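Each residue of the sequence shown is one higher than the one before, starting from 34 at the first, in my numbering.
Hints are computed from structural coordinates only; laboratory data are not their basis.
Here the structure is a predicted model, which is why all the values come from computation and not from measurement.
The C-beta atom is built at its ideal place from N, Cα and C for all residues, glycine as well.
Where hints are given, some of them may not hold.
[Said to hold, decoys possible] Label-pair ranges, simulated between beta-carbon atoms:
1. R106 to L310: 16 to 22 Å
2. H231 to G70: 47 to 53 Å
3. V354 to L239: 55 to 61 Å
4. S289 to V86: 28 to 34 Å
5. P183 to Q230: 36 to 42 Å
6. G88 to L310: 16 to 22 Å
7. P107 to L237: 25 to 31 Å
8. T108 to R71: 45 to 51 Å
9. A352 to L237: 49 to 55 Å
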Amino acid sequence: MSEPPGAAVSVTEAPPQADTPSKPLAAQRVLPLRRPGRWIATTVVLVLAAQFVHGLVTNPFYQWDRFGYWFLRPTVLDGLVITLEVAAYSAVLGLLGGILLALARLSKSPVLRAVSWTYVWALRSVPLIVLLLFLYNFSALYKTLSVGVPFGPAFFSFDESRLATDMVIAVVGLSLNEAAYAAEVVRGGILSVDQGQHEAASALGLPKGYQFRKIVFPQALRSITPNYVNQLIGLIKSTSLVFYVSLLDLFGTVQSMGSTYPGDIVPLLLVATVWYLILTSAVSVVQFYVERHYARGATRSLPPTPLQKLRAGLTDLRARVRRETAI
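Could you put together the complete structure from these sequences and hints?
Written as structure tokens, this is what we have:
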């Protein structure tokens with residue numbers, strides 16, 4: 034039967050449950066997910082690395098005493114200076130040539146586009162050693178070079194063999210090769226700039242040269258820098274090929290000393306390896322700070338430097354130790 038209107042309805046309440054004891058929030062710990070595969074892989078890598086280092090230190094075939102003798106010898110340092118000079122000149126000239134080739138490739142002139150494309154195609158197809166040897170024997174094809182009216186009289190001429198020294202041949206060959214690769218790096222960086230930036234600059238009536246120098250190229254450098262630094266590292270290693278055009282760079286000096294002292298071939302090769310590691314590491318450090326500089330305005334916060342990463346890691350470690358000891 035239904036209850037009459039206005040009648041009170043009794044509701045049976047559930048008996049109150051006893052409060053279960055719970056740990057305070059500070060005493061509760063979140064256990065991390067166990068990852069045995071990661072620990073196994075880490076252990077294997079550490080064991081292999083320890084074996085490799087142990088072999089380097091204990092194997093008498095490396096002759097570390099001879100390595101220390103040759104590492105700072107004047108003849109090795111002279112070859113290192115030549116390597117730095119060739120790499121520096123070639124990097125600057127190659128980048129300038131790459132910028133010109135990239136602009137020609139992006140121009141509206143079909144002739145400039147065709148010439149730039151042909152140059153990049155040809156120089157990227159020819160091995161660097163072939164290019165260097167061709168330039169080394171260039172005087173056999175053209176004994177004299179002249180400057181004057183095209184297809185007309187020459188104003189003055191000079192002997193090509195006197196101009197083309199070993200240093201000039203090495204720098205020209207590496208620069209021509211580097212420009213072909215730098216052109217594609219620069220072109221890709223320019224194309225990575227948003228088209229709205231070009232349209233905004235054109236709407237303001239800015240000259241094309243000013244647009245490129247102040248608006249387009251600074252933004253393109255964010256994309257160009259890491260790619261060109263990879264090219265620069267390859268360029269430093271490619272300087273070892275100038276030994277074949279009679280220029281005694283670092284590798285050429287090591288090869289020459291190895292022929293004179295055949296018992297020291299391995300320590301001499303280690304000397305060259307360590308110096309190349311030092312040079313490429315220095316370039317990588319410069320790359321980091323250049324990328325960090327051009328990241329301003331593009332990211333909310335700049336990437337931390339290695340020192341800042343170390344400080345942050347130590348701070349996290351101290352905080353973790355405090356939490357563990359508090360528990």
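Status of the hints after comparison with the structure:
no.: 1; hint: R106 to L310: 16 to 22 Å; result: 18 Å, holds
no.: 2; hint: H231 to G70: 47 to 53 Å; result: 50 Å, holds
no.: 3; hint: V354 to L239: 55 to 61 Å; result: 57 Å, holds
no.: 4; hint: S289 to V86: 28 to 34 Å; result: 31 Å, holds
no.: 5; hint: P183 to Q230: 36 to 42 Å; result: 40 Å, holds
no.: 6; hint: G88 to L310: 16 to 22 Å; result: 18 Å, holds
no.: 7; hint: P107 to L237: 25 to 31 Å; result: 58 Å, violated
no.: 8; hint: T108 to R71: 45 to 51 Å; result: 48 Å, holds
no.: 9; hint: A352 to L237: 49 to 55 Å; result: 51 Å, holds
The structure is inconsistent with hint 7 alone, although it conforms to all the rest.
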